[in-house]
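Student: What follows is the residue order along each chain.
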Amino acid sequence: MKDRAMNIGEKKDVFAELHDVWVRYNVKWILKSIYLKCYEGEILGIVGPNGGGKSTLLKVILGLVRPEKGSVQLFGRMPDKRGGLEVGYLPQISHADRSFPVTVLDVVLMGLYGRTGFFKRPGRSAKEIAMNMLSRINMADHAKESFGTLSGGQQQRVNVARALVSKPKLLVLDEPSTGIDTVAQEEFYELLAEFRDELGISVIMVSHDIGVITAHADSVACLNTQLHYHGEPDLCFKPEVMEKIYGKNLKVMIHDSRCVTCYKRHEDHD
Amino acid sequence: MIEILNLEFMRNAFMAGIMLSPVLAVVSFFVVLRRFSFIGVGVAHSAFGGVALGSLLGISPTLTALGFSVAVANGISYIGRQGKLSTDTAIGIFFALAMALGVIFIGMSDQYNVDLFGYLFGNILAITNQDLITIAVLGGMVLVSIFLFFKELLFVAFDSEVASVSGMPVAFLDHFFMTLLALSVVISIKIVGIVLVSSLLVIPGATAFQITNRYISMIVVSIAVSLAATIGGLLISYYADLASGATIVILASIIFFIAFTVGRFRKGRKI
Ligand SMILES: Nc1ncnc2c1ncn2[C@@H]1O[C@H](COP(=O)(O)OP(=O)(O)OP(=O)(O)O)[C@@H](O)[C@H]1O
Ligand SMILES: [Mg+2]
Numbered sequence: 001m002k003d004r005a006m007n008i009g010e011k012k013d014v015f016a017e018l019h020d021v022w023v024r025y026n027v028k029w030i031l032k033s034i035y036l037k038c039y040e041g042e043i044l045g046i047v048g049p050n051g052g053g054k055s056t057l058l059k060v061i062l063g064l065v066r067p068e069k070g071s072v073q074l075f076g077r078m079p080d081k082r083g084g085l086e087v088g089y090l091p092q093i094s095h096a097d098r099s100f101p102v103t104v105l106d107v108v109l110m111g112l113y114g115r116t117g118f119f120k121r122p123g124r125s126a127k128e129i130a131m132n133m134l135s136r137i138n139m140a141d142h143a144k145e146s147f148g149t150l151s152g153g154q155q156q157r158v159n160v161a162r163a164l165v166s167k168p169k170l171l172v173l174d175e176p177s178t179g180i181d182t183v184a185q186e187e188f189y190e191l192l193a194e195f196r197d198e199l200g201i202s203v204i205m206v207s208h209d210i211g212v213i214t215a216h217a218d219s220v221a222c223l224n225t226q227l228h229y230h231g232e233p234d235l236c237f238k239p240e241v242m243e244k245i246y247g248k249n250l251k252v253m254i255h256d257s258r259c260v261t262c263y264k265r266h267e268d269h270d
Numbered sequence: 001m002i003e004i005l006n007l008e009f010m011r012n013a014f015m016a017g018i019m020l021s022p023v024l025a026v027v028s029f030f031v032v033l034r035r036f037s038f039i040g041v042g043v044a045h046s047a048f049g050g051v052a053l054g055s056l057l058g059i060s061p062t063l064t065a066l067g068f069s070v071a072v073a074n075g076i077s078y079i080g081r082q083g084k085l086s087t088d089t090a091i092g093i094f095f096a097l098a099m100a101l102g103v104i105f106i107g108m109s110d111q112y113n114v115d116l117f118g119y120l121f122g123n124i125l126a127i128t129n130q131d132l133i134t135i136a137v138l139g140g141m142v143l144v145s146i147f148l149f150f151k152e153l154l155f156v157a158f159d160s161e162v163a164s165v166s167g168m169p170v171a172f173l174d175h176f177f178m179t180l181l182a183l184s185v186v187i188s189i190k191i192v193g194i195v196l197v198s199s200l201l202v203i204p205g206a207t208a209f210q211i212t213n214r215y216i217s218m219i220v221v222s223i224a225v226s227l228a229a230t231i232g233g234l235l236i237s238y239y240a241d242l243a244s245g246a247t248i249v250i251l252a253s254i255i256f257f258i259a260f261t262v263g264r265f266r267k268g269r270k271i
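Protein sequences, first through last, are from chains A and B. Heads up: the first sequence begins at 1 in our numbering, then just goes up one per residue. Heads up: the second sequence begins at 1 in our numbering, then just goes up one per residue.
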């Protein structure tokens with residue numbers, strides 16, 4: 001935790017910037033006046049209640065949703081005007097169909113299609129890279145199996161591998177630990193840290209697991225239509241901030257020992 | 001067998017069927033993957049408006065049908081991607097609009113010699129050498145296009161959002177595929193007809209789905225089914241004196257149901 005806190009102190013480049021971004025579906029505003037800066041090499045955690053607009057915010061950053069107002073820059077460009085290799089994305093809900101006729105290896109290879117270029121098939125080197133990636137998530141044995149026959153958690157891990165395989169500059173993860181068992185989760189966050197240290201990869205991650213966010217994120221954005229706080233995780237989880245975002249039910253949401261609210265409760269008991 | 005091939009119209013029908021089979025099979029692979037079956041129906045029926053306009057103006061009905069189908073296919077895709085209306089709503093609207101226009105055009109036309117029944121249900125007697133050239137050129141274009149953009153089309157079919165983030169030009173690929181679908185429909189009209197052609201955009205792919213779960217073998221099976229149905233259907237229709245388009249479709253359906261039953265049986269045994 002400590003050395004990471006020091007990292008933040010250093011001057012880092014901004015790779016994504018949102019300036020007064022507003023998004024609505026029909027009449028309802030989902031995001032209001034969002035200002036956000038993401039720094040290179042940093043893990044940004046986004047927390048907030050269901051329907052708070054977290055997935056929408058990610059889609060805005062990725063260029064999948066166009067804001068009604070405001071500007072978005074990703075690597076100095078409009079998000080939908082960039083090549084695909086710089087970004088790996090793990091959606092919250094996979095639209096993939098169980099009967100889809102691809103193998104696990106095929107799915108990971110898709111993450112390299114942007115590099116393969118038009119009119120070409122992924123060659124042997126691409127397959128090697130994909131297999132390496134699968135070994136790192138302990139799924140190499142399943143490479144030749146149908147993607148649809150895997151369990152939900154295994155599919156999620158393969159989707160993570162697809163997002164990581166091109167060694168992107170930015171990794172966008174929408175609730176990556178959904179359905180992944182504790183051991184695999186630990187491995188996953190280790191892998192994330194490795195990638196960050198090796199490649200200086202930046203991460204934007206939505207999670208409901210505040211324990212995970214405090215343990216792994218360098219900074220946190222708390223989102224409920226508006227961005228309530230953006231800073232270091234330890235500071236974010238103050239009761240005032242939490243209550244504003246989640247309302248009074250926050251005890252249910254918070255499990256981490258460092259959580260200020262829980263601390264207060266323990267003190268009350270003593 | 002040899003005697004059939006002495007008849008020019010049967011020769012033409014076989015050649016058309018053999019050239020169309022791989023085209024329809026490969027398109028149907030994606031139609032089934034993307035659940036576009038109903039789009040196939042809508043696009044095929046919109047060709048009716050085009051055929052009617054062509055005969056009203058006295059120009060090639062294939063050309064006008066091409067215009068109608070390509071426009072409707074892209075219109076459906078465009079409305080679908082705006083997100084407010086579902087594609088099947090768009091299909092419902094365009095389908096009816098194109099048919100209605102067709103009826104008006106036919107009413108306006110004083111030519112009663114247009115073989116409407118042939119366009120609706122197929123007429124292999126009407127396949128000219130010119131048609132064969134059209135099928136070869138447009139069908140070849142469809143096949144080559146899908147071959148060149150295969151991995152992109154596959155990725156978009158698998159997960160279009162992730163594909164978009166990974167740099168695939170999703171909107172372009174959607175319109176591109178819709179255009180290919182429209183081309184395949186129009187060049188198949190003479191052999192199976194507007195009403196029945198959509199089934200050949202579904203059945204080969206759906207049959208392959210029952211049998212295998214690898215995309216390469218799926219495409220191979222799909223082509224095999226398509227060829228078997230077309231050639232078998234033409235033979236049966238000739239000897240039994242049945243309508244050829246309908247025979248092809250019925251044979252394809254029988255092959256599908258056999259594969260479906262075998263597929264069930266195999267799955268059942270695994271458990
Ligand atoms: N395509 C859409 N059309 C209409 N409304 C939408 C659409 N997508 C999201 N919304 C609405 O936007 C709001 C925010 O959704 P979003 O998925 O961004 O929330 P979230 O914070 O990710 O929630 P969760 O924690 O449940 O994943 C919700 O109220 C949802 O109903
Ligand atoms: Mg979400």
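Calculated from the structure, these hints are not laboratory results. Among these hints, one or two may not hold up.
[Stated by the list, open to error] With a straight-line Cα cutoff of 35 Å, these simulated DSBU-like cross-link-like pairs (lysine-lysine) come out:
#1 A:144 / A:169
#2 A:127 / A:69
#3 A:169 / A:12
#4 A:28 / A:127
#5 A:28 / A:120
#6 A:144 / A:37
#7 B:151 / B:84
#8 B:84 / A:12
#9 A:144 / A:120
#10 A:167 / B:151
#11 A:32 / A:167
#12 A:120 / A:169
#13 A:12 / A:37
#14 A:69 / A:37
#15 A:12 / A:32
#16 A:167 / A:12
#17 A:32 / A:169
#18 A:28 / B:84
#19 A:69 / A:169
#20 A:127 / A:144
#21 A:167 / A:69
#22 A:69 / A:120
#23 B:84 / A:169
#24 A:144 / A:167
#25 A:69 / B:84
#26 B:84 / A:37
#27 B:84 / A:144
#28 A:127 / B:84
#29 A:127 / B:151
#30 B:151 / A:32
Since the model is a prediction, treat every value here as computed from it, not as a measurement.
Student: So, for every hint listed, does it hold in this structure?
Tutor: Now the hints, each set against the structure:
1. A distance of roughly 28 Å separates the Cα atoms of residue 144 of chain A and residue 169 of chain A; the hinted pair therefore holds under the 35 Å criterion.
2. As the CA atoms of residue 127 of chain A and residue 69 of chain A are separated by approximately 42 Å, the hinted pair breaks the 35 Å bound.
3. Using a Cα cut-off of 35 Å, the hinted pair residue 169 of chain A and residue 12 of chain A holds, with the two alpha carbons roughly 14 Å apart.
4. Proximity of residue 28 of chain A to residue 127 of chain A is assessed by CA-CA distance (about 45 Å); at most 35 Å being required, the pair is judged violated.
5. With a CA separation close to 44 Å, the supplied pair residue 28 of chain A and residue 120 of chain A exceeds the 35 Å bound.
6. Note on residue 144 of chain A and residue 37 of chain A: the hinted pairing is violated, with a Cα-Cα distance of about 41 Å set against a maximum of 35 Å.
7. With a C-alpha separation of about 29 Å, the suggested pairing of residue 151 of chain B with residue 84 of chain B holds against the 35 Å cut-off.
8. At roughly 41 Å between alpha-carbon atoms, residue 84 of chain B and residue 12 of chain A are farther apart than 35 Å, so this suggested pair is violated.
9. Pair hint residue 144 of chain A plus residue 120 of chain A holds up; C-alpha atoms about 21 Å apart against a cutoff of 35 Å.
10. The hinted pair formed by residue 167 of chain A and residue 151 of chain B meets the criterion: a straight-line CA distance of about 20 Å does not exceed 35 Å.
11. For the given pair, residue 32 of chain A sits about 32 Å from residue 167 of chain A by alpha-carbon distance, which is consistent with the 35 Å threshold.
12. Among the hinted pairs, residue 120 of chain A with residue 169 of chain A is consistent with the structure: their alpha-carbon atoms are about 24 Å apart, no more than 35 Å.
13. Under the criterion of a C-alpha separation no larger than 35 Å, the hint pairing residue 12 of chain A with residue 37 of chain A is consistent with the structure, at around 11 Å.
14. For the given pair, residue 69 of chain A sits about 17 Å from residue 37 of chain A by alpha-carbon distance, which is consistent with the 35 Å threshold.
15. Proposed proximity of residue 12 of chain A and residue 32 of chain A is supported: the alpha carbons are some 27 Å apart, at most 35 Å.
16. About 20 Å separates the Cα atoms of residue 167 of chain A and residue 12 of chain A, which keeps this hinted pair within 35 Å; it holds.
17. Taking the CA atoms of residue 32 of chain A and residue 169 of chain A, the gap is about 27 Å. The hint holds against a cut of 35 Å.
18. With a C-alpha separation of about 15 Å, the suggested pair residue 28 of chain A and residue 84 of chain B falls inside the 35 Å cut-off, and the hint holds.
19. A C-alpha spacing of about 27 Å is found between residue 69 of chain A and residue 169 of chain A, which places the hinted pair at or below 35 Å, so the restraint holds.
20. Annotation: proposed proximity of residue 127 of chain A to residue 144 of chain A holds, straight-line Cα distance about 12 Å (limit 35 Å).
21. Distance restraint check for residue 167 of chain A and residue 69 of chain A: the Cα-Cα separation of roughly 32 Å lies within the 35 Å cut-off, and the hinted pair is therefore satisfied.
22. A threshold of 35 Å between alpha carbons decides the hint, and for residue 69 of chain A with residue 120 of chain A the separation of about 39 Å lies outside it, so the pair is violated.
23. The hinted pair formed by residue 84 of chain B and residue 169 of chain A meets the criterion: a straight-line CA distance of about 33 Å does not exceed 35 Å.
24. Proposed proximity of residue 144 of chain A and residue 167 of chain A is supported: the alpha carbons are some 22 Å apart, at most 35 Å.
25. Distance hint between residue 69 of chain A and residue 84 of chain B is fulfilled; the C-alpha atoms sit about 20 Å from each other, no more than 35 Å.
26. Of the supplied pair hints, the one linking residue 84 of chain B and residue 37 of chain A holds, its CA atoms being roughly 31 Å apart against a limit of 35 Å.
27. Proximity of residue 84 of chain B to residue 144 of chain A is assessed by CA-CA distance (about 39 Å); at most 35 Å being required, the pair is judged violated.
28. Only pairs whose Cα atoms come within 35 Å are accepted, and residue 127 of chain A paired with residue 84 of chain B is rejected, the gap being roughly 40 Å.
29. Using a Cα cut-off of 35 Å, the hinted pair residue 127 of chain A and residue 151 of chain B holds, with the two alpha carbons roughly 14 Å apart.
30. Note on residue 151 of chain B and residue 32 of chain A: the hinted pairing is violated, with a Cα-Cα distance of about 38 Å set against a maximum of 35 Å.
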